[in-house]
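Those sequence lines, one after another, are chains D and R.
My numbering applies: residue 1 is where the first sequence begins, and numbers increase by one.
My numbering applies: residue 1 is where the second sequence begins, and numbers increase by one.
I should point out that these hints are in silico values taken from the structure, not numbers from a laboratory.
Do not rely on the hints blindly, as some may be mistaken.
Repeated chains share a single entry, so a pair holds when one copy, or any two copies, can fit it.
[To be verified] Listed below are the simulated BS3-like cross-link pairs for lysine-lysine, each with C-alpha atoms no more than 25 Å apart in a straight line:
#, residue 1, residue 2
1, LYS155, LYS200
2, LYS90, LYS155
3, LYS59, LYS512
4, LYS22, LYS59
5, LYS59, LYS200
6, LYS378, LYS410
7, LYS410, LYS365
8, LYS90, LYS200
Protein chains: 2
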Amino acid sequence: MEGAQAAEWDRRKQQELYALLKRRGFVWPSFEIYGGVAGFYDLGPLGSVLKDNIESAWKRTFLVEEGFMQVDCPSISPETVFRSSGHLEKFSDIMTRCVSCSAPFRADHLLSDAGIDAVDLTAEVMGTYLTEKDVRCPSCGGTLGPVEEFNLMFKTHIGPGTDRPAYLRPETAQSIFMDFSMLYRSNRERVPFGVAQLGKGYRNEISPRQGLLRQREFHMAEGEFFFDPLERTFPPFSTNRDRSVPLLMASDPERTVEMPLGRAVEDGIICSEVLAHFMGVTHRFVLSIGIPRAAMRFRQHGRKEMAHYANDCWDLEVLTSSGWVEMVGIADRSAYDLSQHARGSGCDLTALRRFTTPRTKEAVKVRTDKKVLGPLFKARAKEVDELLCGTGSAELERMRSSGTIQLVLKDGSSVNVPASAFSFETVTETVQGERYTPHVVEPSFGIDRLMVAVLEHSYVETASSPMKESDKDEDGDGGPYRVMRFLPSVAPIKCGVFPLLPKDNLPELALKLSSELRSAGLAVHYDPSGSIGRRYARMDEVGTPFALTVDHRTLEDGTVTIRDRDTGEQRRLRSSDAARKVLDLVQCSTAFSDL
Amino acid sequence: MEGAQAAEWDRRKQQELYALLKRRGFVWPSFEIYGGVAGFYDLGPLGSVLKDNIESAWKRTFLVEEGFMQVDCPSISPETVFRSSGHLEKFSDIMTRCVSCSAPFRADHLLSDAGIDAVDLTAEVMGTYLTEKDVRCPSCGGTLGPVEEFNLMFKTHIGPGTDRPAYLRPETAQSIFMDFSMLYRSNRERVPFGVAQLGKGYRNEISPRQGLLRQREFHMAEGEFFFDPLERTFPPFSTNRDRSVPLLMASDPERTVEMPLGRAVEDGIICSEVLAHFMGVTHRFVLSIGIPRAAMRFRQHGRKEMAHYANDCWDLEVLTSSGWVEMVGIADRSAYDLSQHARGSGCDLTALRRFTTPRTKEAVKVRTDKKVLGPLFKARAKEVDELLCGTGSAELERMRSSGTIQLVLKDGSSVNVPASAFSFETVTETVQGERYTPHVVEPSFGIDRLMVAVLEHSYVETASSPMKESDKDEDGDGGPYRVMRFLPSVAPIKCGVFPLLPKDNLPELALKLSSELRSAGLAVHYDPSGSIGRRYARMDEVGTPFALTVDHRTLEDGTVTIRDRDTGEQRRLRSSDAARKVLDLVQCSTAFSDL
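Bound-form chain D, shown alone (with noise of 0.2 Å):
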């Protein structure tokens, strides 16, 4: 099956798809007028609506059916938040730079086509092995010069001066945690909950290579999930106990095995319940904008992949022409975050674990004496009495014992307390719950990716076409039949609307019906000129799965004829009907069999 579908595509089809991407207006490079930048693209009217699409179903998925809360924060975040995420430190390549010519190139890639797998080798490593190796500037020859490493988050700085740094963030997770009081107080103190947030991120790619797949810019739709680790069941996982799932585990890499996600948590694979039901989302998401079954994985990572903190982290990966790529990234990053920004700032980002039955516990608190205090420490015994009081009794029972009870006031000054100032107490108190730091799951989904793949997955060539010899010679490009088998849910535009003739009154019937189709919230496109045929062909193209054509049937019975992208085949149903019964099939409320 892999090996088909990867033969499949040959270099000629990857190209006829890219070539139709560009002339049909779903993607190109950006800034072409001024020659061009590598690792940015354009999204083009009818791409920028299929990314629209995709992000509406995955919003539907996470914010609709998971209830997921969402927030939209800056894309800019001062640098203080990278030293304690960790991306100031971590976030790099390595990379030497030509002598000659200046050019920079990442040093792995550069050993990588020299033969040397350098994963996980050390920049120091890498250095040597290019000088015994004697690699060579690609585009010009020249010697490398010295590796070094290389944050890839932009930089800038906020304001004038450059006082306050600050960069593009490398993935929109971090304002969910930095805001998770606000979020855990916005979902009334319970835990678990999740948040969601769609947006750009930012890579500052050295030499980015593969076209769209490593952008410098890209749109990414990420979830976390929190919730107590000591909860070993997750109630929503049973939608997805059942559902079974090709799984590649880090303990046998070279074998998929299809299972379903509740034995995979029984037997230990997967680490938590809340991972699988993850999992499962994303799987019936990914499944839901038109990848095949039969083209998705889920690859685990293997220790030495995973950061030092995860608990388990599972990637699933789409069969692409560039073999199989990580689309969606899932991953248990244990309670990471979370410490990680209450260290940096300071602030407090628990969660309480209410006990079902409140707890009694006995505590000893430090009772002082008024009447001794008073006389001895007048307008400063109320600051003395604090100070006592917040000290602690352990504290205060070290510093009696070693013979001196001595405080500093605010004012820098010491007093010596008698230890008659103070007693101990034992109290018995009620707790309700503990502090704790919730865990957090985080599904994080590469949008860019997936759109690269639900186009390559939906496009087909074919030998029948609508099209007679005549319209061939009109269009004049001679390639093959291009049909793009968008789900309707996805496709850039949901319908065609086509006057057969350019006159009789057929153009205003089909004008108005358009205007009613938009009415109903339907993105159409009409199109009066050309065969009909060739008008089909068009549409078929860049993935509309209805047209609708006014004919002089329509003048006698206010019927329209609807043809269907996938079959050609074509009903007749009433114009008034037509917003309807077209927004039922792209909701798929209604096949195209039973119009």
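Put chain R on the given structure of chain D with help from the hints.
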């Protein structure tokens, strides 16, 4: 009217609203755990969805109804883009720094605080005034340093090193201009057409003051409508010709005049039907998200305020607690942007103006004589032939009359060509059209500002509350009863779902109902706890238009109670119809009173 509304926004009410916005998760300052950074805000769970809903309404207006194409381009652009656009030179404010504490300030703000109107003053004059008036640092009282220009674009670098400077876009428009040719082709080489982009804009304010209205990173929605300036009529304007709007003309900036857009064009007040059309579209859109008609006006820019290339410019202003604030700018920018990028890039950014009937044109062509060229130039005859044709008749005529016809070949050598090698011929050519640079009308929307306006105009304090006295005690904040009267289309939550009591299977039924509403795509809040009055109050405070309650009668006859936020009125409907009915209410296809 104006005075009354502004007065209504007393300080207390403003504070109540902004406390509500933070408490209930609409909006809060970013990076608060790290002390915050001025000019950055996070949209919380309710704010981010409110913003999404405003953007969806915008897309429906511009993409679906007006038929604009959409693009989605990077927020980072290389420096060369902003050299062409003029931002590198002109997108700046005048600043000064305190010599003692080095805090930066906008010079015009300091002068305005000192009672001097600094609009239109040069940096030099501002510096003189600051010295003359002995203006001091507002933070520490220190002396102010020299004034200087500060470019307001956030600067960064693409890739390693500093040889590729880049900036975060101050507006989304530039990428649309750069993509003109691709978009023109996408529209099958027809003008007019519109292109829209939504996304982040950035403005590195020196020292931001106005809270949510003046952010360093903000959400924009911009449209660029390309048209032929020779076309004086614009057929789609028929939909807006009779729309009456309040105009504050540059010629009479004290008095707002209500007038149909058609008349404003006829009277020469608005420069074109295209511009007037998009003022109409803007007016309709802003009404549709819930801004009252009486709180809007269009203010025309005076000649001094407008860029030199602009033909006309109108701001849609809304009355807020900060007075009249610009929400949308609608400008006729002539051919400026396309011309600048054509010049900067050397690329052709023109369109073809097709003649109604092809025109004929006489032209003098060069006709060469191969019988002369062949023997004379042998292997180089073809190159000489091409050079002669390429040189053109006028230049050859000039050379011939000067006596020597000398051509320079590719290899640098020159040849002398005899006059007998060519002759001139007058031919008649058919010309289908002529190239021209389209003009552009740009409606540019500040989405965050519109959100602030929606929030302020939706906020109502009432005397009538659904809560009993005991409920109020439970809440305990003692403030006024607060309702956000969002239109259903923009409300972040569409419906609350409550079980009357936490027993007798009512929660299970209510959860089932919630999930039916969610499947219909409705954002629902399920709330099982607190008195029913308190639960209504929580929903009123975040502007949820409807609430469904499952009670004991539901067990008997399958009906539930639906409550209308604004009237408090209640009806009963079948639980199985609830999703459909609420959807109809939200889409305003059913009125509550018709339930």
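Against the structure, the hints come out as follows:
no., hint, in the structure
1, LYS155 to LYS200, "both (15 Å within a copy, 17 Å between copies)"
2, LYS90 to LYS155, "both (15 Å within a copy, 23 Å between copies)"
3, LYS59 to LYS512, "between (32 Å within a copy, 21 Å between copies)"
4, LYS22 to LYS59, "between (28 Å within a copy, 23 Å between copies)"
5, LYS59 to LYS200, "both (16 Å within a copy, 19 Å between copies)"
6, LYS378 to LYS410, "within (16 Å within a copy, 103 Å between copies)"
7, LYS410 to LYS365, "within (23 Å within a copy, 98 Å between copies)"
8, LYS90 to LYS200, "within (20 Å within a copy, 27 Å between copies)"
The structure shown violates none of the earlier numbered hints.
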